[in-house]
Amino acid sequence: MTVLNIQDLVVVRSRHAPPVLNGISLSLRRGEKVAILGPSGAGKTTLFRAINGFVPIQSGSITVDNISLKDLHGKALRQLRRHVAVVSQRHDLVDRLRVHQNVMAGALGRWSAWRALRFLFWPKAEELAEAEAALRRVGIAHKLRVRTSEISGGEHQRVAVARALVQQPSLLLADEPIASLDPELSDQILSLICSLANESGFALLCSLHQPEYAYKYFDRVVRIEHGVIQSVENNQARTNATANRDAEIIRQAGD
Amino acid sequence: MHWLMNLFTQLRLFFPPDHSWSFIWAERVPLLETVEIAAGAMVFSLSVGLVLALIIGARLPGSRLLYAALVSVRAIPDLTMAILFVMLVGIGPGAGMLAIAVYYGAAMGKVCGDLFVSADPGPVESLASTGTGSFTVAFYGLLPLRLKDLLTYGAYDFECAMRASVIVGAVGAGGIGTEIVGTINNYDYSHTTTLILMLVALIAVFDLCALAVRKYPRLLLLFVIGGIISAWECRPQMFAWSHTLDNLRKMWPPVIPRERIGDLPRLLGETLEIAFGGTALAVLFALPLGAMGARNLAPAWMHFPVRRLFEFLRAIPEVVWGLLLVTMAGIGPASGALALGLHSTGVFGKLYAESIENVQPEPVMALAATGGPRIAIASFGLLPLAFPPMAIHTLFRFEWNIRAATIVGMIGAGGIGGALYNAQQLFFYDQMLAYLLITWALVMLADWANGQLRKRWKVTEGLI
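The listed protein sequences derive, respectively, from chains X and V. In this text, residue positions in the first sequence follow our numbering: the first is 1, and each later residue adds one. In this text, residue positions in the second sequence follow our numbering: the first is 1, and each later residue adds one.
These aren't lab readings, by the way, just hints derived from the structure by calculation. Any given hint could be a false lead.
The following label-pair restraints were derived from C-beta to C-beta distances [unchecked claim]:
hint, chain 1, residue 1, chain 2, residue 2, range
1, V, 395, X, 231, 57 to 63 Å
2, V, 374, X, 59, 26 to 32 Å
3, V, 309, X, 147, 34 to 40 Å
4, V, 457, X, 147, 16 to 22 Å
5, V, 269, X, 72, 55 to 61 Å
6, X, 72, V, 13, 32 to 38 Å
7, V, 374, X, 225, 33 to 39 Å
8, V, 374, X, 122, 33 to 39 Å
9, V, 388, X, 122, 38 to 44 Å
10, V, 305, X, 41, 39 to 45 Å
Quantities reported herein were computed from a predicted structural model and do not represent experimental measurements. Glycine included, each C-beta is placed from N, C-alpha and C at the ideal position.
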């Protein structure tokens with residue numbers, strides 16, 4: 001089943017500048033893991049923002065779960081955003097909140113405003129249990145009520161992933177999730193989100209700078225430059241063996 | 001409830017304002033007087049302040065004592081200073097001009113002295129090694145080094161002094177403020193409204209001047225000529241040394257009669273009540289309003305009028321709000337607290353809205369991507385992130401409001417300021433000095449606490 005379908009997408013920033021995205025077509029099925037490689041300014045982040053409905057579409061189409069994004073506004077657009085979770089470079093958690101609050105921010109799309117407010121001050125036991133379950137899946141259940149400003153860089157990314165899990169998305173967009181992490185942590189985070197994609201069945205679209213990680217973890221590798229797709233490779237080198245090892249790494253990190 | 005009823009019944013008496021040209025034309029004289037007070041005081045405070053700052057910067061003998069003196073003078077609120085000068089040189093614009101000149105001269109001297117002291121010592125030392133006198137060194141070494149900061153602060157000082165010139169009249173120091181009090185005392189409320197509208201217009205003109213000075217600080221030099229002429233126009237008319245010295249002698253020693261000492265805790269309590277109540281009211285109003293005024297949170301049809309409301313609330317000084325409320329709702333701390341509350345709402349509203357606008361965008365974008373409702377995203381992202389700057393602004397304003405509470409006290413809100421004003425009106429100058437010293441100690445204490453907080457939080461900005 002197709003989760004994301006992009007056809008001939010064109011996005012422009014201003015009338016005189018060349019288009020940021022110029023005729024992108026891309027399609028992801030459930031559970032599929034796709035990496036996007038490209039230099040800075042190639043249009044990766046713009047593509048992600050377009051999929052989330054933050055950037056107007058000039059021409060072409062984007063559908064998420066067979067709902068077209070074009071001309072969606074207000075509540076309808078917000079409802080579609082619930083299907084798409086985002087994990088990006090650092091700085092996208094709210095430092096002043098505690099970890100459980102950041103994790104349950106993933107539920108804002110299905111909560112009423114009133115419930116969101118109440119949760120900030122009086123979280124219910126079952127809500128905390130949900131946050132803890134998500135944190136357990138990313139291996140840091142013990143950080144449940146810690147201040148977000150006091151956790152490490154790798155934990156920061158894990159919390160962001162836990163937030164994405166709470167959102168129960170059909171599609172996870174990971175925008176350079178390892179840009180500010182060292183190699184060991186990078187491996188941990190990538191294998192974590194890939195195996196979560198296998199478990200939960202959401203499609204994963206991940207932008208990266210380093211080709212070696214792309215070939216190590218992803219089913220397909222898309223190269224993008226100047227807003228145009230240069231090549232799409234099916235990644236045969238990835239075997240079941242590496243997938244098994246991913247699972248092992250997660251189990252260790254959880255201890 | 002009775003209090004609110006009173007307020008609304010009285011409010012009706014203020015409308016419609018008398019907008020006949022004959023009245024507005026007749027008021028040109030006090031209006032001009034206010035401008036003269038401002039301009040005359042500016043010349044004094046900027047020039048004297050600069051010389052004092054250079055003395056501190058050059059570390060001439062006695063500069064430490066001078067610095068302490070300037071800090072002390074600055075702790076006497078400007079309206080209190082005005083009442084002191086009314087007593088010493090007589091009713092009229094001269095008293096107002098001198099009060100503002102002294103207060104802002106001390107402020108200028110202290111702040112610019114700080115600037116000089118923190119200046120890079122290298123160039124100054126090399127100048128000193130040529131063997132010239134230390135004041136010459138300061139003049140040629142420090143002044144050019146800090147010219148830009150000096151002009152910035154000068155422009156800020158200019159703005160504050162102009163705003164102060166409008167209110168000193170409330171205690172008989174001339175200008176439009178005296179006219180406002182006059183109409184209120186005569187139950188001539190339709191003219192009060194006209195005068196307040198004129199005052200708001202004048203403040204708008206002053207703000208435009210200040211904006212021009214901020215942009216082109218050299219314009220200050222242009223104002224100097226007008227200032228000298230104004231200072232001559234405003235010179236005290238009924239001045240006599242013997243009278244002044246006599247009044248000074250009557251002030252000493254400061255004394256509070258035994259039967260009044262029991263009142264002191266109540267008076268201090270009232271002043272703190274005004275300051276605290278006003279700040280709390282303003283926080284209560286400004287929290288939702290500030291969010292409504294933030295451009296990244298509220299739609300244009302909402303944030304535009306809300307921002308204009310803040311400007312209006314800020315444009316009317318605490319003292320004028322105080323005069324209005326005391327007239328409408330009766331004398332007492334409640335009117336004072338509401339006066340501070342209304343003015344501070346304008347201040348907080350703007351600062352809160354800006355704090356929300358300055359939040360780092362990434363976390364908020366990430367929350368918006370979850371598809372949650374606007375209010376949920378604001379309460380999970382914008383508000384927690386905007387909280388620290390909002391808290392700092394609030395605490396610093398509370399310190400300012402302690403000062404303002406003594407001022408509105410003088411025009412009928414009670415507390416220590418009220419006691420001071422009553423003592424002056426009844427010619428008990430020794431009691432007046434006692435209350436003045438208490439006010440001074442209170443402001444010094446708040447100032448000190450504020451300084452400690454700034455140090456702890458490492459806040460350097462915050463001249464608001």
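Verification of the supplied hints:
no. : hint                      : verdict
1   : 395/V - 231/X: 57 to 63 Å : holds, 58 Å
2   : 374/V - 59/X: 26 to 32 Å  : holds, 29 Å
3   : 309/V - 147/X: 34 to 40 Å : holds, 36 Å
4   : 457/V - 147/X: 16 to 22 Å : holds, 18 Å
5   : 269/V - 72/X: 55 to 61 Å  : holds, 59 Å
6   : 72/X - 13/V: 32 to 38 Å   : violated, 55 Å
7   : 374/V - 225/X: 33 to 39 Å : holds, 37 Å
8   : 374/V - 122/X: 33 to 39 Å : violated, 22 Å
9   : 388/V - 122/X: 38 to 44 Å : violated, 23 Å
10  : 305/V - 41/X: 39 to 45 Å  : holds, 40 Å
Comparing the model with each earlier hint shows violations of hints 6, 8, 9; every other hint is respected.
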